[in-house]
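Asker: Residue-level listing of the chains:
Protein chains: 2
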Amino acid sequence: MIGLEQIKEIARPTPSRIVLLVIDGLGGLPHPETGKTELESAKTPNLDRLASEGICGMIDPIGPGITPGSAPGHLALFGYDPLKFTVGRGILEALGIDFELKAGDVAARGNFCTIDESGVITDRRAGRLSTQICSELCRLLDRMNIDGVAIFVSPVREHRFVAVFRGEGLLSALHDSDPQQEGLPPRDVVAHSPQAERAASIANKFISQARATLANRHPANMVMLRGFAHHPDLPKMSEVFSLKPAAIAHYPMYRGLAKLVGMEVLPTGATIEEEIFTLAEHYDAYDFFFLHVKEADSAGEDGDFTQKVGVIDKVDMALPQLLHLAPEVIMVTADHSTPAVLKGHSWHPVPFLLHSKWCRPDGVVEFSERACISGALGRFAATDVMSLALANALKLKKFGA
Amino acid sequence: MIGLEQIKEIARPTPSRIVLLVIDGLGGLPHPETGKTELESAKTPNLDRLASEGICGMIDPIGPGITPGSAPGHLALFGYDPLKFTVGRGILEALGIDFELKAGDVAARGNFCTIDESGVITDRRAGRLSTQICSELCRLLDRMNIDGVAIFVSPVREHRFVAVFRGEGLLSALHDSDPQQEGLPPRDVVAHSPQAERAASIANKFISQARATLANRHPANMVMLRGFAHHPDLPKMSEVFSLKPAAIAHYPMYRGLAKLVGMEVLPTGATIEEEIFTLAEHYDAYDFFFLHVKEADSAGEDGDFTQKVGVIDKVDMALPQLLHLAPEVIMVTADHSTPAVLKGHSWHPVPFLLHSKWCRPDGVVEFSERACISGALGRFAATDVMSLALANALKLKKFGA
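Heads up: the sequence lines are chains R and D, in that order.
Using the working numbering, the first residue of the first sequence is number 1, and each one after it goes up by one.
Using the working numbering, the first residue of the second sequence is number 402, and each one after it goes up by one.
Careful, some of the hints might be misleading.
Here are the simulated EDC-like pairs of lysine to aspartate or glutamate, each with C-alpha atoms no more than 20 Å apart in a straight line [stated by the list, open to error]:
{"no.": "1", "chain 1": "D", "residue 1": "Lys437", "chain 2": "R", "residue 2": "Glu53"}
{"no.": "2", "chain 1": "D", "residue 1": "Lys485", "chain 2": "R", "residue 2": "Glu9"}
{"no.": "3", "chain 1": "R", "residue 1": "Lys397", "chain 2": "D", "residue 2": "Asp703"}
{"no.": "4", "chain 1": "R", "residue 1": "Lys398", "chain 2": "D", "residue 2": "Asp482"}
{"no.": "5", "chain 1": "R", "residue 1": "Lys398", "chain 2": "D", "residue 2": "Asp703"}
{"no.": "6", "chain 1": "D", "residue 1": "Lys485", "chain 2": "R", "residue 2": "Asp81"}
Please keep in mind that the hints were generated in silico from the structure rather than gathered at the bench.
In isolation and in its complexed conformation, chain R is listed as follows:
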């Protein structure tokens, strides 16, 4: 596979525009009664027309048989090898609450919990306290400074929070303090390597100060940390691809992932119509737009086949407003499959279509899992999506003499 360094050498800025529409969890499995997948069941005249005029294929976000999380699924689409660039749990949780991370940050997921007088955990979720109380408690712990490291504590939901450690030379090679069961005391945070000793010491001091602060806040009288992760400090899309990229996404985590690769995140509404309206408003200011539709994945996770079909119907109905802008390259695909019958992400490859003036159309006349198998693009790696997009937008120079 061609690497980012090599793409960088041949990428050139042009006025042409690329739109990447990600219908999260789009790929599905047949309904037991109809034998049709969610996409095959939806009414998609506009997507079918794009497929007829364009080229189709099936992408593997990570590799055959591998079920992607949201982060690797998106990173692959953005051109970043998800086996090389990883986004840890703590970082993902921070992105999910729109926390403004910086390079060098170490983030961890946190729980408020209950301990007894001997320090043994009696409730790992502190009675699932309300998000409101969680927010109050986070304010008590927020913005400590320990040995020159600033610690930010932000609520997530119920008993869950995020702790971000900001300072020089912090490593995230740290074991969880959460023992994952009740009847034991929380563990000390232990470093995997000598270089992480300082971070471990600061995390333990933070936990100790938090315990003191929370002494009278039973049932939330202790905190536990897990999923320590380091800001991945990814190369920016502007540097690698010579693009001016913008993200239009309603859910914080996807905005956060987009920020990690240097996209400008545009404020937008919750529906696909509003997202396309946002795109139209900013059409002149960027040359790459990532549009994210979360609801197909949510319906799939809920096992709601009909709801997922409805989401796809709606995306298709909204498409003419996007096509009206006539971007040079339009791609429609997903970060992974979320078949309603499996109620979760799956390993199945994802239908992909690319529409451009220069795409050498194939014989596919319908956008569906089955039709895309016969597409000219065949089955390919999601990490190749960006080179294909750039090529079709005439944004890549020749490789080699």
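Given the coordinates of chain R, work out where chain D should sit on it, guided by the hints.
Answerer: Frame of chain R; chain D shown alone:
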């Protein structure tokens, strides 16, 4: 992908013969009026029969979306990973004039130019002097010896020449002396690394001596060098594949690329008929033949759709003479696409066919971009072409026990 070292372990010599027919730039895009590509528009009864009896697929010379230069396009077909083995500008220019390069050589592209009394460039092309004068001036500069390094200067065309530096331990990590604009003096050649300092010093001494020699040759009173490159010293096909390979190509650059991988270059005429005649004459002496047809690419570069169709017609008409020899394996493909509508190389995958007694035919009955999509070979990397060829010629042993 299996590596050259691993192929070498299992390759064995046999009397069977492989013919690789490269129709340069074969892949195309539909004509706006007919909706058919160049290949789909040509009359190709012989290619279609080969496709019916053989297997087809689509190859990516480098990777999805990547437009190959001629060197990486060919190296990939010859089985050499073009991301690993690179051929720089200066080397390619030397190959293009049939210069006999040796391992260790450093080559640069050169310009005669005009400087004024203060040394500032007033014409980067010295008034585009005639090729004849260029040849005379090159003779004045040819075969200097500086600090034990022999320097060969050979004309290319008009104001352009090639300079080849031959000596021990020369590196090509050198910046151009050509500032790429007029109104500035030529730059000194600067080394990228301390190891290249000696090469930089010799290049600068050469330029200084050339300037003295050319003092009275206004407008060609100075030289500039750019695109310094090192002979890539590739493993030979005979060693890697246990083949006796021959190249039949009319254009120097392709003969040069073939030499780089250790092919014997056979003298031949300019037409496909003459090339096939050459092949027949030497049929007993080699077991791998690379035939190169340049004109499809040239027509594509010129944007001449009809001309390109005509070249493909002619290749097809000449094929019976080749088929008459009944080589065990025939492959027809290209180093890259050159769609007439794009007037240049492109990233589109390239139709590929392989004909052999042992190929397990698929359902493809026509040699075209669209038909090859459904071929048994699917979409695959050009670097796999050689293993396929060797396998079908029964020249590869089992891998592993």
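Asker: Could you run down the list of hints and mark each one as holding or not?
Answerer: Hint check:
1. For the proposed pair lysine 437 of chain D and glutamate 53 of chain R, the alpha carbon gap of about 14 Å is at most 20 Å, so the pair holds.
2. Between lysine 485 of chain D and glutamate 9 of chain R the CA atoms are separated by roughly 15 Å; this keeps the pair inside 20 Å, and the hint holds.
3. Of the supplied pair hints, the one linking lysine 397 of chain R and aspartate 703 of chain D holds, its CA atoms being roughly 18 Å apart against a limit of 20 Å.
4. For the proposed pair lysine 398 of chain R and aspartate 482 of chain D, the alpha carbon gap of about 16 Å is at most 20 Å, so the pair holds.
5. Distance restraint check for lysine 398 of chain R and aspartate 703 of chain D: the Cα-Cα separation of roughly 17 Å lies within the 20 Å cut-off, and the hinted pair is therefore satisfied.
6. Note on lysine 485 of chain D and aspartate 81 of chain R: the hinted pairing holds, with a Cα-Cα distance of about 19 Å set against a maximum of 20 Å.
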